[in-house]
Amino acid sequence: MVRSELLKVKNLDVKYEDVQVLWNVSLEVNEGELVAIIGANGAGKSTLLKTITGLIEPSSGEIVFLKQKLNGLLPHEIVKRGLSLIPERRELFGNLTVYENLLVGGYTVDKEELEDRMKWVYNYFPILKERKNQLARTLSGGEQQMLAIARGLMSKPKLLMLDEPSLGLAPKISNEVFKLVEKLNSEGITILLVEQNVKKTLKIADRAYVLENGKITLEGESKQLAENDTVKKAYLGI
Amino acid sequence: MLQHLLEVAIEGILIGGIYALFTLGLNMIYGVLEIINFAHGEFIMLGMYIAFWLFTLTGLHPLLSLAIVFPLLFFAGAAFERVTIEKVIKAHIFIQTVLTFGLLLLLQNLAYFFWSADYRAIRLNFPLISLGSLHISTPRLIGFIGSVVTIIILHFFLTRTKMGTGIRAVDENPIAAELVGINVKKMRMVTFGIGTGLAGVAGVFISLYYYIYPTVGSIFILLAFIIVVLGGMGSFVGSLAGGLIIGELESLSALFVGPQWKEVVAMVVFILILLFKPTGIFGTGGRK
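Residue numbers (this note's numbering), protein chains in the order written: chain A, -3 to 234; chain B, 26 to 313.
Simulated from the structure, these hints should not be mistaken for lab results.
Keep in mind that this is a model prediction, so the values were computed, not measured.
Even glycine gets a Cβ: it sits at the ideal position worked out from N, Cα and C.
Hints may be right or wrong, so weigh each one.
In silico EDC-like links for lysine to aspartate or glutamate, alpha-carbon gap of 20 Å or less [said to hold, decoys possible]:
(1) B:K187 - A:E96
(2) B:K211 - A:D106
(3) A:K195 - A:E208
Cβ-to-Cβ under 10 Å is the rule here; a few derived chain A residues that face chain B [what the hints assert, rightly or not]:
(4) G50
(5) P71
(6) H72
(7) I74
(8) S80
(9) P83
(10) L92
(11) N97
(12) L99
(13) V100
(14) Y103
(15) L165
Sample of chain A residues facing chain B (criterion: CB under 10 Å; computed from the structure) [claimed, not checked]:
(16) I82
(17) G90
(18) S151
This is chain B alone, in the form it adopts within the complex (with noise of 0.2 Å):
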């Protein structure tokens, strides 16, 4: 029984690292856009069906996919952004929201017409991993791995390039970043970029343990949202805090509660957040 415990435990751990990767890809586009992109699990989905059909396709090895599949939703992304969001960056919520909620829809549908509503997976045998008598799954200790090695990487560039200090001084403050003479709107663009490219990179990782279909992204945004919430909103540390323990508790509901109950779960906890700490674990509350 503890052995059991100690795997779903180390199970947990796993995935909360991958959420905390898509998550930060969301944080970052609210921190700086002030927009909620609800199609991010789209673009999850993306990452997904692109990692499957170079794999079934061509073989390709999914985690050498990911220089692909990186760059292409990067500048789908920022495109999205330039031709869309840029237009409606000081419109109201509600057509932000209509806006990226239509965006999902779309990616969902026309997911569903070129790919059908079958589920598939990536067939690929890898070795068991023991620890003692502990068994650890393999593809989740990878997509684990990937996703703290992209975070290492993407903290790196946040603050040790110049762009990077440059999205940073915008998520603070647009207007003073405007007036040091940061071009704040190609700072959106790319920022919406590595969003959206961090979403399918995460999406290759999963792709690896999870079944792909086209409305796969909603059960990831759903936990994207409780994560932000319960780490804070525009809180870097909050989403890798609230990814693993997002991670961990689904982990260990669909241990002790069953797994059917492991949504149901997340979304109590995440209302009584709301309730008791709506600022999040990290947050300050908003910002201005």
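The following block holds chain A by itself, in its conformation from the complex (with noise of 0.2 Å):
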């Protein structure tokens, strides 16, 4: 089967002031997969995501996402176009309710569109729809995340970007996310995930993309790079 491309990233370079942080770096997402980029702490992992998402302005190289171009888009702009980033450590509005936060989520989404998109998204996390009135700040680190993924689904995106998801949960939580995003993808939604959990990215991930110190060092099929030696020495442990 051909899928179409979704998101590509040519020759992207981007710099902090005078410090290089991503080196030349492509890749590309097509419709209906599930990508991983997986790398050390301080690779360039969450730069390449807010780069992607126009928080960041790459100094060069072209970002094309359904074949138009993002460059210089505000990441407000990007949004509308069916992007969605659920950034590292959630980002959720602590003092807003849940049922806010959500709807500040869709805040891109038609107001006779947003009454579904809450149902849908309330389908998915039951466990939100009974807080809803709470305040973000107050539900667990692995509700927050719920919340987070489910604040990112609210806009209707075409390519969902998770960074780092399972950061500071507990292993059985984190197990929880990993399920998710593998069964949202199963439903068709396409994503594009970060982790430095690299074996159980690998086990939910169709391909993966290798990032050490800013550059791209590998690429692959998930169950090839998880029997590629580097791969085992140097994220596996084994």
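With the hints in hand, could you dock these two chains into one complex?
Structural data, given as structure tokens:
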């Protein structure tokens, strides 16, 4: 099956002041795929996602989404085109209720569609419906991560990007998050996942890129990468 | 004596409500833009002058001039934000301070230039309201009721409308707000406009009972700073409670210590809060 191309990143260079953090990064995500970016702390994974969503401006290179260039657009314009980032450490609106967080998540959605979208999200996350009038900051860590994902889904993204969704969660809850990501993907949502938990990530992803010191050093099918000696030594501890 | 004390206490609550109104404007601007608008008092002054001139030249009742003052100062504030503040939104706090302080000087001097240093007043006869043997200042009562109504409308806007919820989201976390699709730049412009508009509305209410002159805003900006610090930076409830407390304090200290001391008393309270509860009554001590 030939899948159509959703996101294409071409020769991306990113600098913070004078320090270059991404070097000539290229990657692509096709419709329906679950693609992972793995790598150690400080490899530039979050920077890459932030650049794709428009929070950081690249010094050179191109980001193409649905055949249109995203370079120079602001994040809120990029969200409208169907790209949603669930940021590292969740970044919820702590003093807004669960319901208000979701409402704001659907800021770009028409009023008529908003109700349906809310129902769809509550169906996925019944716990959020139960807690809809609670302030977001009073939720547990796992619930907060669920809310962050739910908020990111409110805008009906064509591509959902998750930055370290398992960070700081107990193993059991982290497993639930991975299951959820897999489930969302199996229902047709294209996903770009950034993770440090390489083992679990390679189990659910179709393909993966390995980012090391700002450069992509390996790429391929998850199964092949899981067998790769370098990956085994560096990330799987085998 | 008791009757006089009661009258003074009631007056404190009435002016406190008006203080809460303009402080909310300053606090909203601080919350969403993270800048301190030193020119906030000048927007109060502009509201007072607009009410005065409309009344003097056309006979328009000050309360009706609200329909002109709010939109006018909203657009003036929004335009100023877009053209100048937006350019320094990521700059050092010192540069931002120079900008809004510069606006303060500019507006004060324009007021001197066009309207001279004369003290002016809106001379309207209000019927005296009496509760039994208690006399209540009608202009202050009107200002208080008007402020309460405005605050209720503001609260409704912030909690029940899409844009209001968006503004609160930006206040909480501007980056996350941008990531969910909110045009944060636009929200900053709108919030600044609302803040200056509210200052103007408060100015109209104050003009019902207070003299109007070019530097009148400096009294109120000082009070607003004290109220923000007392109630807590970025706290809606804090501005309300702080406004009432400072209004009450001002009234009572004028009675017990002497009117010329009321600002000294307010400043002493300000320093005490900074010493013992720097985050204010409802403050969380900075959000980031």
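Tested hints:
1. B:K187 - A:E96: holds, 10 Å
2. B:K211 - A:D106: holds, 19 Å
3. A:K195 - A:E208: Judged against 20 Å, a Cα distance of about 17 Å means the pair holds.
4. G50: holds, 8 Å
5. P71: It holds, given that the least Cβ distance between A:P71 and chain B is near 4 Å, below 10 Å.
6. H72: holds, 5 Å
7. I74: The hint holds - A:I74 has a Cβ within 10 Å of chain B, the shortest such distance being about 9 Å.
8. S80: holds, 8 Å
9. P83: holds, 6 Å
10. L92: Because about 6 Å separates A:L92 from the closest Cβ in chain B, which is inside the 10 Å limit, the hint holds.
11. N97: holds, 8 Å
12. L99: holds, 6 Å
13. V100: Holds. Min distance 5 Å.
14. Y103: This interface hint holds because 5 Å falls under the 10 Å limit.
15. L165: Interface hint status for A:L165: violated (19 Å vs cutoff 10 Å).
16. I82: holds, 9 Å
17. G90: Holds. Min distance 6 Å.
18. S151: holds, 6 Å
Hint violations for this structure: number 15 only, all remaining hints satisfied.
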